[in-house]
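Trainee: Each chain, letter by letter, is given below.
Number of protein chains: 2
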Amino acid sequence: MKNDLMIRAARGEAVERTPVWMMRQAGRYLPEYRAVRGQTEFLTLCKTPELAVEVSLQPYRILGVDAVIMFSDILIPVEAMGQVVTLTEKIGPKLPEPIRTRAQVDRLIVPDPIETTPFVMEILRILRRELDGAVPLIGFAGAPWTLAAYMVEGGGSKNYAEIKRMMFAEPKTLHALLDKIADTVILYLNAQIEAGAQIVQLFDSWAGELSPRDYAEFALPYQQKILAALNRDAVPAILFINGCGTFLEQMATSGADVLSIDWRIDLRDARRRIGDRLGIQGNLDPCVLLSTPELIASKARELIEAGGGRRHILNLGHGILPMTPVENARAFIEAGKGLR
Amino acid sequence: MKNDLMIRAARGEAVERTPVWMMRQAGRYLPEYRAVRGQTEFLTLCKTPELAVEVSLQPYRILGVDAVIMFSDILIPVEAMGQVVTLTEKIGPKLPEPIRTRAQVDRLIVPDPIETTPFVMEILRILRRELDGAVPLIGFAGAPWTLAAYMVEGGGSKNYAEIKRMMFAEPKTLHALLDKIADTVILYLNAQIEAGAQIVQLFDSWAGELSPRDYAEFALPYQQKILAALNRDAVPAILFINGCGTFLEQMATSGADVLSIDWRIDLRDARRRIGDRLGIQGNLDPCVLLSTPELIASKARELIEAGGGRRHILNLGHGILPMTPVENARAFIEAGKGLR
Numbered sequence: 001m002k003n004d005l006m007i008r009a010a011r012g013e014a015v016e017r018t019p020v021w022m023m024r025q026a027g028r029y030l031p032e033y034r035a036v037r038g039q040t041e042f043l044t045l046c047k048t049p050e051l052a053v054e055v056s057l058q059p060y061r062i063l064g065v066d067a068v069i070m071f072s073d074i075l076i077p078v079e080a081m082g083q084v085v086t087l088t089e090k091i092g093p094k095l096p097e098p099i100r101t102r103a104q105v106d107r108l109i110v111p112d113p114i115e116t117t118p119f120v121m122e123i124l125r126i127l128r129r130e131l132d133g134a135v136p137l138i139g140f141a142g143a144p145w146t147l148a149a150y151m152v153e154g155g156g157s158k159n160y161a162e163i164k165r166m167m168f169a170e171p172k173t174l175h176a177l178l179d180k181i182a183d184t185v186i187l188y189l190n191a192q193i194e195a196g197a198q199i200v201q202l203f204d205s206w207a208g209e210l211s212p213r214d215y216a217e218f219a220l221p222y223q224q225k226i227l228a229a230l231n232r233d234a235v236p237a238i239l240f241i242n243g244c245g246t247f248l249e250q251m252a253t254s255g256a257d258v259l260s261i262d263w264r265i266d267l268r269d270a271r272r273r274i275g276d277r278l279g280i281q282g283n284l285d286p287c288v289l290l291s292t293p294e295l296i297a298s299k300a301r302e303l304i305e306a307g308g309g310r311r312h313i314l315n316l317g318h319g320i321l322p323m324t325p326v327e328n329a330r331a332f333i334e335a336g337k338g339l340r
Numbered sequence: 001m002k003n004d005l006m007i008r009a010a011r012g013e014a015v016e017r018t019p020v021w022m023m024r025q026a027g028r029y030l031p032e033y034r035a036v037r038g039q040t041e042f043l044t045l046c047k048t049p050e051l052a053v054e055v056s057l058q059p060y061r062i063l064g065v066d067a068v069i070m071f072s073d074i075l076i077p078v079e080a081m082g083q084v085v086t087l088t089e090k091i092g093p094k095l096p097e098p099i100r101t102r103a104q105v106d107r108l109i110v111p112d113p114i115e116t117t118p119f120v121m122e123i124l125r126i127l128r129r130e131l132d133g134a135v136p137l138i139g140f141a142g143a144p145w146t147l148a149a150y151m152v153e154g155g156g157s158k159n160y161a162e163i164k165r166m167m168f169a170e171p172k173t174l175h176a177l178l179d180k181i182a183d184t185v186i187l188y189l190n191a192q193i194e195a196g197a198q199i200v201q202l203f204d205s206w207a208g209e210l211s212p213r214d215y216a217e218f219a220l221p222y223q224q225k226i227l228a229a230l231n232r233d234a235v236p237a238i239l240f241i242n243g244c245g246t247f248l249e250q251m252a253t254s255g256a257d258v259l260s261i262d263w264r265i266d267l268r269d270a271r272r273r274i275g276d277r278l279g280i281q282g283n284l285d286p287c288v289l290l291s292t293p294e295l296i297a298s299k300a301r302e303l304i305e306a307g308g309g310r311r312h313i314l315n316l317g318h319g320i321l322p323m324t325p326v327e328n329a330r331a332f333i334e335a336g337k338g339l340r
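Chains L and E, in that order, give the protein sequences. Heads up, the first sequence is in the numbering used here, so the first residue is 1 and it goes up one at a time. Heads up, the second sequence is in the numbering used here, so the first residue is 1 and it goes up one at a time.
It should be emphasised that the hints constitute simulated quantities derived from the structure, not laboratory data. No incorrect hints appear here.
A pair counts as met if it fits within one copy or between any two copies, since identical chains are not told apart.
With a straight-line cut-off of 27 Å between C-alpha atoms, the simulated DSSO-like cross-links for lysine-lysine are: (1) 94 - 158; (2) 90 - 158; (3) 172 - 225; (4) 94 - 180; (5) 94 - 172; (6) 180 - 158; (7) 2 - 337; (8) 225 - 180.
The structure displayed is predicted, hence computed values, not measured ones.
Okay, chain L solo, but in the shape it has when bound (with noise of 0.2 Å):
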């Protein structure tokens, strides 16, 4: 491989300079991306090969990342569980028959996902292809309580009033709920990195908004079965959580080689209490995104300092924003490859 640098990075081998890349980095805020989505709704896009490569490889041909990950939605493979999803990418997911009772539950299915979603692997494959080891290939998938949170609530949420609800009056209905998601995540990661995936990461974003212990309790555990269960002798996790700040140690015995942090919680900090054996990715508030070139690249060059150069990736705390422009996502990647 050309720029193993992330690779490097995550397994805590040395590096020449930190890695960079953006979390949605394949996304509405670059015009090319909005060119293509123009014309193809959300949905088609991830299920459509050829477009999906292109939107994928787009950062790496405009801003020069350190990685591609693979474009697709967290919600691929709920739809292959046998629940409707449609997506739309300005109001969000909807899934018009939310899960509440342990009968739906029962009903869903754990997928093959060669079956349910060859595209995904067929994505992999053609990146894996095109980047010809230019920069590792990242694949991923959306963790049980993550996934869970969007089944149960129907959408995105503000309060997780019916997730949590289940949570606490029907704990036994929302376990079988995750251990269903487990395994499917499990079958599809797996199949994701027999397809080319070099990096996985494990998207468990809402998982903020548990209290500690019970994240302890539906959220860890099920990270920790998909974590240990991937066929990935030489392929990095990385697990991401918005809002990790209180339960850090917790998350640094998931299995992850790269813990993912927001920026509510200082970089240093985070290396102080997780130590030196796991990676850190991260931690710019993607609204630094919306200043100035200059005051991007000063606050991307003190997280590189921060960060020590081993292993850190550099990152944005969260997805970067639709409305981001342009120049100011090239000044945080030049930044973060010293060329700034």
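Given chain L's structure and the hints, the job is docking chain E onto it.
Mentor: Using the frame of chain L, we list chain E on its own:
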């Protein structure tokens, strides 16, 4: 005062039992509240003392809470500063002319609370008279960062992109706004104390969206300015932040007597981190109140035990949700009082 448990707990004095109340206890989960609201616009309710007094007293009469908080909204002084505010309870606040420039900041006034919001002081005076020392009366205000978020975003927000854009790109404009709000809140809370508030709570609800460094620059100094300027020899001050887990130590330097914490942090951990000098209020996940009376009572008792019976005020980690069954709210209050 017949029941001054909450004041004593806030001051660190001995109490026979842990006091209990709920943020947003005068609210939509109560049929009696909905009956009043059914005939009155939300903002009219805030501005009509006899009605606001009625809904303030409902949770005391119906559930037996250990304190009464005046019914109002944190945006009342924002309207008095000269910004147009429309409040519809279900949609949330809308400010059709959001603050985006220094000229707009300069046009805002620091209003005299007696002249511009006399109804707030009238509500407090009537409540003191009606309560006749039964339980303490809580006054409140929004803190500058949180109020500025509404003023700049023009309403509630998901990413706080507009205020953070101002924070990163034009920090002087934001500081000018925050300082003007701080001056407004000082006059406003001092007028509340003068009118009879026996405890004050400062809501910096959205400060948890900041990085620790941005919190230190854009939220904490204004909390400190306000809390240092209050005429409150005998009036304890509580500071609430939703998502305070990663800067609890900073929050402890605000000058507040009590830190009101959300559920994402373990209460014992919070106590360990801030020491014995301050009180803690909280911190049950409001979604627990969507489960069963038995589970609620059990979790309330656990929290009381974790609080150690000293310098602890039992409360939720955020406001009670509108869909909470009344019998569940009752289970929380009664368990808090040792009646279950």
